[in-house]
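Listed below, chain by chain, are the residues.
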Amino acid sequence: MPPREGIYGLLAEFDTPGELVRAARQARLDGWRRLDCYTPYPVEEAAEAIGFHRNKVPLVTLVGGLMGLVAMFLLETWISVWAFPLNIGGRPTYSWPAFIVPAFEWTILFAGLSAAFGMLALNGLPALYHPLFNAPNFRDGATTDKFFLCLEALDPKFDLAEAKKYLESFQPVSVVEVEY
Amino acid sequence: MKRDPEREERISLEERIDPATGEFRVIAPGQSFQSVTEKITRIVLTPATPLGWLALFGLGGALASVLLVAVTWLFLKGTGIWGITQPVAWGFAIINFVWWIGIGHAGTLISAILLLFKQGWRNSINRFAEAMTIFAVVCAGMFPLIHMGRPWLAYWVFPLPLTMNVWPQFRSPLVWDVFAVSTYATISVVFWYIGMVPDFGTLRDRAKSKFAQHFYGLCSLGWRGSARHWSRYETASLLLAGLATPLVLSVHTVISFDFAVAVLPGWHTTIFPPYFVAGAIYSGFAMVLTLAIPLRKFYHLEGLITERHIDNMGKVLLATGLIVAYGYGMEAFMSWYSASHWEAFMMWNRIFGPMGWSYWVLITCNLAIPLTTLWSRRLRTSMPFMFCLSLVVNAGMWFERFVIIVTSLYRDFLPSAWGTYRATKWDYMVYVGTLGLFIALFLLFVRFLPMIPISEIRTMLPGAKVKLPAEATTATEAGD
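First to last, the sequence lines map onto chains A and B. In case it helps, my numbering puts the first sequence at residues -17 to 162. In case it helps, my numbering puts the second sequence at residues 70 to 549.
Derived by calculation from the structure, the hints in this document are not laboratory data. Quantities reported herein were computed from a predicted structural model and do not represent experimental measurements. Some hints could be false.
Taking lysine-lysine pairs in the DSS-like style, the calculated list, with each CA pair at most 30 Å apart, reads [claimed, not checked]: (1) K534/B <-> K187/B; (2) K536/B <-> K147/A; (3) K366/B <-> K384/B; (4) K108/B <-> K534/B; (5) K534/B <-> K147/A; (6) K108/B <-> K277/B; (7) K146/B <-> K494/B; (8) K108/B <-> K366/B; (9) K279/B <-> K108/B; (10) K534/B <-> K38/A; (11) K187/B <-> K38/A; (12) K146/A <-> K534/B; (13) K139/A <-> K38/A; (14) K187/B <-> K384/B; (15) K139/A <-> K536/B; (16) K536/B <-> K187/B; (17) K38/A <-> K536/B; (18) K187/B <-> K108/B; (19) K366/B <-> K277/B; (20) K108/B <-> K536/B; (21) K187/B <-> K366/B; (22) K146/A <-> K536/B; (23) K384/B <-> K108/B.
Taking the hints into account, I'd like the entire structure generated from these sequences.
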């Protein structure tokens, strides 16, 4: 994220996941698009509420797994047939049933690494800095027991005073401005 | 560590049982997001290291230095210092390799298979079971390496473009093993680390010292709990679990191929893959119990690792133990039914031969003791009993590998080629040394990393479920 000046967004703090989901769902219905929820544990309904229904992690994993499968099978074939053919008890050099096991292992290996690193990459992690950590109450709560809704300043609907009033209508514990 | 009298110890038996199911509760009543977070992070973030931890770490370190001495001497002199010779060319090293790998399997089973089966109770124990997996694989992986006459050439097992133009022989199960075990180690580490990322975020935000904030901050990769992140995170966890499940079954299957593909009586049998996998889970759950029972006592985690966990693990032990018993029975049956006198002699020799004592140790530890007692719920929830039983099963599973390897090898086809096997002090030193290494690594994990997944425990607390206020809108959102 390039360094910016000014306000990143407005952060509303809630005590329960239910209040958060209600606010997020309403905000999205009211036309907000640049918004996000922050919870100390996965709250599926929160992602649904902000309109995040599906992600690309399964696709990345599938592509990774297929790459592993093809790479290992070709490697085994090339080694056993062309690079270093060995006569093992008269068996054919292209003994494809025996190649299945390492090819299977590499399918799992590549798929697993793709799932993990793909998830991190799609999430934009690792990130050394994020403006949300400037909010005084974020670090105390977001990883322990509080639930946050952030309306971001990049949203075309964003107007500091009005957005603040809007968030306060959901009766949060607090609404704070988050600076870059 | 401050030892305040723990309130959950005073909670009566009625409160610890869930009236809806009649089972013990997965989490003791009276826990909140705050209390759970506080309890688990305090173990890691406290500046005071408990004396008991230091003492045990000292013991682990001392044993690990025995390993260092034994391996140094091994590298100087070669594998001749071990008891291996013809005809028993696979001795302690391979026994220990299979034993350690098997122990690791329970961690993956708990973290992956039980996740797919939506067994919520696994949440309290999955993190340290995964840690156990990784450290067990570390100990296991060492054995094939040091068993090579020239361990500095270990990289030859990988398909690398070397100047000699020598490549691995992919029709050999020993080469499959390289890929199975290395994939298993990698995926286990990745699964474990990804699972800890949100908890690192919690530790970062609760740490008082600058160093801890930076350390856990870097480990957390900047985790901030965004709903979009959680969504991808949950997908990735589920996918990793789905991938780890066939992986863990394949690993011990491939290890059993190391034996089953050989023509040796006692090895050459098709029951080996399922029988090895069940045995692996059997020994692994025993090791989880060996670790969990002292841990919950020492760190006062009775509210998070409850009788329910111990009870359920007892049931898994019973189930896998019965599969193992079936395996033993089938081996004996097939040696008769095959009408091969090599097979029949092998079985007779295994039970009544000069090393028959090891078979009877195995039957006592793996079948006679656990499979008679584990039916009782009172015994399954008795901590001293389960701890002792877990040690018995661990020992029994070690003897199972001893029986499979040694009693099959030392008297094969030609009586003129028969021999015997006697382990030397260096064999014992390496084995005991890996136990020390395991203890030391596990203690470091308990002290510096969150041993119970905090974010997963939170999802199980009352109040974690989304309860929408009455006036909530039920309109469905249009997709993106």
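Q: Any hints from earlier that this structure breaks? Give me their numbers in increasing order, please.
A: none
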